[in-house]
Amino acid sequence: MHAVRCSVRRSVLAVGIAASLGLASFAAMAQDIKPRLIRFGYGLNEQSNQGRAAKFFAEQVDKASGGKLKVRAIGAAALGPDTQMQQALIGGAQEMMVGSTATLVGTAKEMALWDTPFLFNDAKEADAVLDGPVGKQVMDKLTDKGLVGLAYWENGFRNLTNSKRPVQKLEDLDGIKLRVMQNNVYLDSFKLLGANAVPLPFSELFGALETKAVDGQENPFNTILSSKFFEVQKYLSITNHVYSPWIVTVSRKWWDTLSPAEQKILRDAAIASRNFERQDTRAEASRALNDLKAKGMVINELSATEAARMRDKLTRVNAGIATTVGMELWQQTQAELGKLRAKK
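What the sequence shown shows, in numbering that gives the first Met the number 0, is residues 0 to 343, in sequence order.
Keep in mind that the hints were calculated from the coordinates and are not lab data. Being a predicted model, the structure only gives us computed values, none of them experimental. Note that CB positions come from ideal geometry on N, CA and C, so glycine has one too. Heads up, a few of these hints could be off.
[Said to hold, decoys possible] If you anchor each label on the Cβ, the simulated ranges turn out as follows: (1) K33 <-> R164: 56 to 62 angstroms; (2) P198 <-> K338: 33 to 39 angstroms; (3) G206 <-> D61: 34 to 40 angstroms; (4) T322 <-> L169: 21 to 27 angstroms; (5) I270 <-> T322: 51 to 57 angstroms; (6) Q330 <-> A260: 37 to 43 angstroms; (7) A282 <-> R164: 27 to 33 angstroms; (8) Q278 <-> Q330: 28 to 34 angstroms; (9) K144 <-> A318: 23 to 29 angstroms; (10) G105 <-> T304: 40 to 46 angstroms; (11) K33 <-> A75: 39 to 45 angstroms.
The whole structure should be built from the sequences, with the hints applied where relevant.
Pasting the structure below:
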């Protein structure tokens, strides 16, 4: 009986010690989370897929930090275009943002990998490569440049709109003044395809289309709809010429001041919001295409033959990207894609 009592006492004591250790570690973790205001900038409006995901991210951070970390999501390029926000992060004047990987090529040349025309055949391939070793390797190149990458979100497959004519064949691009991102791969690609490529920040795009300073642009369906380009563009050509990711980044200067507990909260929230955002974006993309049709856009789909003609025209661009990002990374990417396609 005495032995039983001793055993019970020991069990109770063990539970008590475990509980106090648990409370102590929880208290220690709570102490590691300080009240902070985090400015999280993005380019699209609040009602867009980007805006909804930024809101979801803010909610995740709030919940996980017990309300101590407050994310202030600021959209519609109110903090400036992507390039300006990236510089603000590098300088430590802004904490976080989500923006295009294409505008980071000047900061980390390996980001040019994601600009490769016709790199991915579908979203599953994109997810596997971006979330795998290749994606991490590219993201990690930002660390020495003053940025920390947390997760890739989806912008989506890019398609062409313009006010002149449907793009049904390669020659239809001849002479079209096409706004492209401030990125050499996009500039070179569309020049080779015959367009007059004009680099412009996204925040200036609607006005440029409206005043006919440019004839067209290229973006995923969701962005074409949420930015109301259908008001100033008549033709939408489904080309799926590039899969365009966004990336959630943090100022390295600011990140290094955070505790491991705070860093974990932000990393986990970025991944949770990535999963939310991709699902939301894909569901919205199919709805957006129907909406754009209903709003009177004239829609055509580029044939496989014409897509192959465009791809052949861009062989030089792909060779240039391989040289820019390094042959080792290029070959690793192609090997990864080969493995994925072999499984299909």
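| T322 and L169, beta-carbon distance inside 21 to 27 angstroms? | Given a distance of about 25 angstroms, which is inside 21 to 27 angstroms, the answer is holds.
| task | With respect to the beta-carbon atoms only, verify the hint that G105 and T304 lie 40 to 46 angstroms apart. | result | Given a distance of about 35 angstroms, which is not inside 40 to 46 angstroms, the answer is violated.
| request: Using the beta carbons of K33 and A75, state whether their distance is inside 39 to 45 angstroms or not. | output: Because 29 angstroms falls outside the window, the suggested range is violated.
| message | Taking the Cβ atom of I270 and the Cβ atom of T322, is their distance within the range 51 to 57 angstroms? | response | Given range 51 to 57 angstroms: violated, Cβ gap about 32 angstroms.
| query | Cβ-Cβ distance between Q278 and Q330: within 28 to 34 angstroms? | reply | holds (32 angstroms)
| task | Could you check the hint for me, namely that K33 and R164 are 56 to 62 angstroms apart, CB to CB? | result | Between K33 and R164, where Cβ atoms are some 57 angstroms apart, the hint holds.
| Per the hint of 27 to 33 angstroms, is the separation of the Cβ atoms of A282 and R164 within bounds? | holds (31 angstroms)
| task | Confirm or reject the claim that P198 and K338 have a C-beta distance inside 33 to 39 angstroms. | result | At roughly 36 angstroms between Cβ atoms, K338 and P198 fall inside 33 to 39 angstroms, so the hint holds.
| message | Is 37 to 43 angstroms respected by the C-beta to C-beta distance linking Q330 and A260? | response | Between Q330 and A260, where Cβ atoms are some 39 angstroms apart, the hint holds.
| request: Kindly confirm whether 34 to 40 angstroms is satisfied by the beta carbon distance between G206 and D61. | output: holds (35 angstroms)
| task | Given the hint of 23 to 29 angstroms, check if K144 and A318 actually sit that far apart at their C-beta atoms. | result | For A318 against K144, whose Cβ atoms are near 25 angstroms apart, the range 23 to 29 angstroms holds.
Checked against the numbered hints listed earlier, the structure breaks hints 5, 10, 11; every other hint is satisfied.
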